[in-house]
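Undergrad: Sequence:
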Amino acid sequence: MSAPSTNVEKQTKRHRPAIWGIVAAIVFAAILFFAYLANLAAQGNEPGEDATAPAAATATDG
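Residues in the sequence shown are numbered consecutively from 4, following the working numbering.
Keep in mind that the hints were calculated from the coordinates and are not lab data.
It is possible that part of the hints are untrue.
Cβ-Cβ distance ranges computed for the label pairs, FRET-style [what the hints assert, rightly or not]: (1) 11 <-> 43: 42 to 48 Å; (2) 33 <-> 7: 37 to 43 Å; (3) 48 <-> 15: 46 to 52 Å; (4) 47 <-> 26: 27 to 33 Å; (5) 11 <-> 52: 31 to 37 Å; (6) 20 <-> 52: 47 to 53 Å; (7) 44 <-> 7: 55 to 61 Å; (8) 40 <-> 12: 49 to 55 Å; (9) 63 <-> 25: 58 to 64 Å.
On a predicted model such as this, the values are computed, not experimentally measured, just so you know.
Glycine included, every Cβ here is placed at the ideal spot set by N, Cα and C.
Kindly produce the complete structure, drawing on both the sequences and the hints.
TA: Okay, structure coming up:
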């Protein structure tokens with residue numbers, strides 16, 4: 004069931020802050036996502052490098 008009389012302009016004005024909040028949250032999430040991807044790319048492995056290899060060990064005379 005719908006309301007018998009709806010003032011669309013009035014409802015648009017009332018919902019504008021909520022819509023801007025949703026848009027701001029989406030933009031913030033997108034910025035965090037791309038920052039995460041940039042961080043992964045900066046710390047990634049070189050091509051051909053084994054992902055499970057430990058850090059380089061120091062050689063000893065023994």
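Undergrad: Next, verify each hint and record whether it holds.
TA: Each hint, compared with the structure:
1. 11 <-> 43: 42 to 48 Å: Because 45 Å falls inside the window, the suggested range holds.
2. 33 <-> 7: 37 to 43 Å: 40 Å, holds
3. 48 <-> 15: 46 to 52 Å: Given about 51 Å between the Cβ atoms, the range holds.
4. 47 <-> 26: 27 to 33 Å: This hint holds: roughly 32 Å between Cβ atoms.
5. 11 <-> 52: 31 to 37 Å: The hinted range 31 to 37 Å is violated for residue 11 and residue 52, with Cβ atoms some 59 Å apart.
6. 20 <-> 52: 47 to 53 Å: Taking Cβ atoms as reference, residue 20 and residue 52 lie about 50 Å apart, which means the hint holds.
7. 44 <-> 7: 55 to 61 Å: Taking Cβ atoms as reference, residue 44 and residue 7 lie about 56 Å apart, which means the hint holds.
8. 40 <-> 12: 49 to 55 Å: 41 Å, violated
9. 63 <-> 25: 58 to 64 Å: 60 Å, holds
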